[in-house]
Each structure stands twice: as structure tokens, then as C-alpha cells.
Amino acid sequence: NAGVTQTPKFRVLKTGQSMTLLCAQDMNHEYMYWYRQDPGMGLRLIHYSVGEGTTAKGEVPDGYNVSRLKKQNFLLGLESAAPSQTSVYFCASSNREKLFFGSGTQLSVL
Amino acid sequence: AQSVAQPEDQVNVAEGNPLTVKCTYSVSGNPYLFWYVQYPNRGLQFLLKYITGDNLVKGSYGFEAEFNKSQTSFHLKKPSALVSDSALYFCAVKAGGNTDKLIFGTGTRLQVFP
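Those protein sequence lines, which keep their order, are chains A and B. When you read off a place in the first sequence, starting at 1, and then add 21, the result is the number in the numbering used here. When you read off a place in the second sequence, starting at 1, and then add 44, the result is the number in the numbering used here.
Read the hints as simulated data drawn from the structure, not as lab findings. One or more hints might be untrue.
[Said to hold, decoys possible] Taking lysine-lysine pairs in the DSBU-like style, the calculated list, with each CA pair at most 30 Å apart, reads:
hint, chain 1, residue 1, chain 2, residue 2
1, B, Lys93, A, Lys35
2, A, Lys119, A, Lys78
3, B, Lys66, A, Lys119
4, A, Lys92, B, Lys138
5, A, Lys91, B, Lys138
[Unchecked claim] Pulled from the structure, derived: some chain B residues nowhere near chain A, Cβ distances all over 12 Å:
hint, residue
6, Gln50
7, Asn61
8, Pro62
9, Asp98
10, Tyr105
11, Phe107
12, Lys113
13, Leu126
14, Val127
15, Asp129
16, Ala139
17, Ile147
18, Phe157
[What the hints assert, rightly or not] DEER-style ranges, computed between Cβ atoms:
hint, chain 1, residue 1, chain 2, residue 2, range
19, A, Thr75, B, Ser124, 43 to 49 Å
20, A, Met48, B, Ser104, 17 to 23 Å
21, B, Glu110, A, Met48, 26 to 32 Å
22, B, Gln54, A, Lys91, 40 to 46 Å
23, A, Pro82, B, Ser72, 30 to 36 Å
24, A, Lys91, B, Thr64, 40 to 46 Å
C-beta: ideal position from N, C-alpha, C; glycine also.
Sequences and hints are given; from them, build the entire structure.
Right, dumping it as C-alpha cells:
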């Protein structure tokens, strides 16, 4: 039972580079989320989706874009990475009772 | 706007002693409150939630939480701590609307010493 799978697990980027983080869930959940975790700041919501083809902004959306072309996948894109985007990124999906989290992507932007 | 506060960055407790991790909240309307735990290099895992009903909520791994409306608190408790309980604990509140968004606190690191 895979649950929520995030790829890659680690990545180092140079300032200005772009990348896409992939989140896949096999639980048929409608709702999916991208959070970032920074020391002393807890988890902050970047973007979320309430169903295939829909996305919405969270608390800290600037510098990120998302797409939900398929129900099971939720992609997070960084078009031009900045050092302020160094963080651990978590994807989650919801069954309306609770959130299920992936194991995270550690991203460093130099 | 909904928010939660976890006033302690770290809580230290000896194995076998009771533990409490504090959380206070600010919401408009009825609160939907959650506790999640994060072990090293892992994603968050659901522990328990309060929606309505009994003020004492029981969850996974022997944890429980007490909802106190007058003090706007939702403290996490366990009668007897284990070394394996050492982890990062997050309190969360459901944001308004029908999106199931959660607003998380800053987290409290629990360290249980043998």
C-alpha cells in the first residue's frame, strides 16, 4: 500500500533553475495539498486542489505553480528557483477525515 | 482567521512520566482540531482529532487530547511516556470553508529521556 509518494526525495538547484516535484496518491482522494516546512515556522500551505483540473492558492503561493491533470497526481513547479525556496516540501491527500502525507522532498537552492 | 499556537519549542520528560504538549487555538465558529506527529525524515502522521462531542479524545499510540472551550486549548497528553514517543508534534486547526485545509502550529519537539 504505497499511499502518498513524492519524487524526488532530495534535490539541489542553482538559483534560477526550474524543477517539478511530483506527488502521486493511490487512495482515490479528491483533495491534495503542497506544504513547505521550515524550522520554527511549522508547515505552511503553498497550493491545494479539491479535484482533478482544479487548483487554488494557499498561504505562500508566490514563486510556485501547480497542476492537477490527473486525479492521482499533483505537481509542484518552481519556474526560477530562489534561495528562499530552500525547504522541505510535503505533499498530502485527504479522505475528508484526515490528511495522509508523503515522506517529503528536501530541496536546497544555492 | 483560524490559527493555532504551540508555546513550547521543546518538551523534555523522563520515560514513564506523564507528558503534556500544549496547543491553543483561535477560530471563528466551531473548532475542528487535530494532532499530527512527525518522526525523523518522515511525513506527518495523524494522531487524533476533535470535531464535536466528548472533550477527551483518544488517539493512536496511547495519546489523548483534552478540548477546553473556555481556555481555547487542545493539549496533547499521555499518562506514561516512552522513549519511542520522541518526535515533533504539530497541532492543527481546520481552515474555514469546504476545502479541508489545515493550518498548522509551529511544532513542539518532544524528547523522552530513559
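Worksheet item: If you draw a straight line from the CA of Lys91(A) to the CA of Lys138(B), is it 30 Å or shorter?
Response: holds (26 Å)
Fill in: Given as non-interface: Pro62(B), partner chain A, CB spacing beyond 12 Å
holds (25 Å)
Practice prompt. Go ahead and decide if the range 26 to 32 Å is satisfied by the Cβ distance of Glu110(B) to Met48(A).
Written response: holds (31 Å)
Discussion item. Using Cβ atoms and 12 Å as the threshold, tell me whether Tyr105(B) really stays out of contact range of chain A.
Written reply: The claim stands: Tyr105(B) keeps its Cβ more than 12 Å from every Cβ of chain A (closest is about 15 Å).
Worksheet item: Is the Cβ of Phe157(B) more than 12 Å away from each Cβ in chain A?
Response: holds (23 Å)
Fill in: Satisfaction of hint between Lys119(A) and Lys66(B), Cα-Cα up to 30 Å
Within the cut-off at roughly 21 Å; holds.
Practice prompt. Would you mind confirming whether the straight-line C-alpha gap from Lys93(B) to Lys35(A) stays at or under 30 Å?
Written response: violated (41 Å)
Worksheet item: Is the Cβ of Lys113(B) farther than 12 Å from every Cβ of chain A?
Response: Answer for Lys113(B): holds, closest chain A Cβ roughly 22 Å.
Worksheet entry | Restraint status (C-alpha distance of Lys119(A) to Lys78(A) at most 30 Å) | holds (20 Å)
Worksheet entry | Range agreement (Cβ of Thr64(B) with Cβ of Lys91(A), hint 40 to 46 Å) | Roughly 43 Å apart at Cβ, these two residues keep to the hinted range, so it holds.
Fill in: Distal placement of Gln50(B) relative to chain A, Cβ over 12 Å
Incorrect as stated: the minimum Cβ-Cβ distance to chain A is 8 Å, not above 12 Å.
Item to complete: Check the non-interface label on Val127(B): least C-beta distance to chain A beyond 12 Å or not.
Response: Holds, because the least Cβ-Cβ distance between Val127(B) and chain A comes to about 23 Å, which exceeds 12 Å.
Checked against the numbered hints listed earlier, the structure breaks hints 1, 6, 16, 17, 23; every other hint is satisfied.
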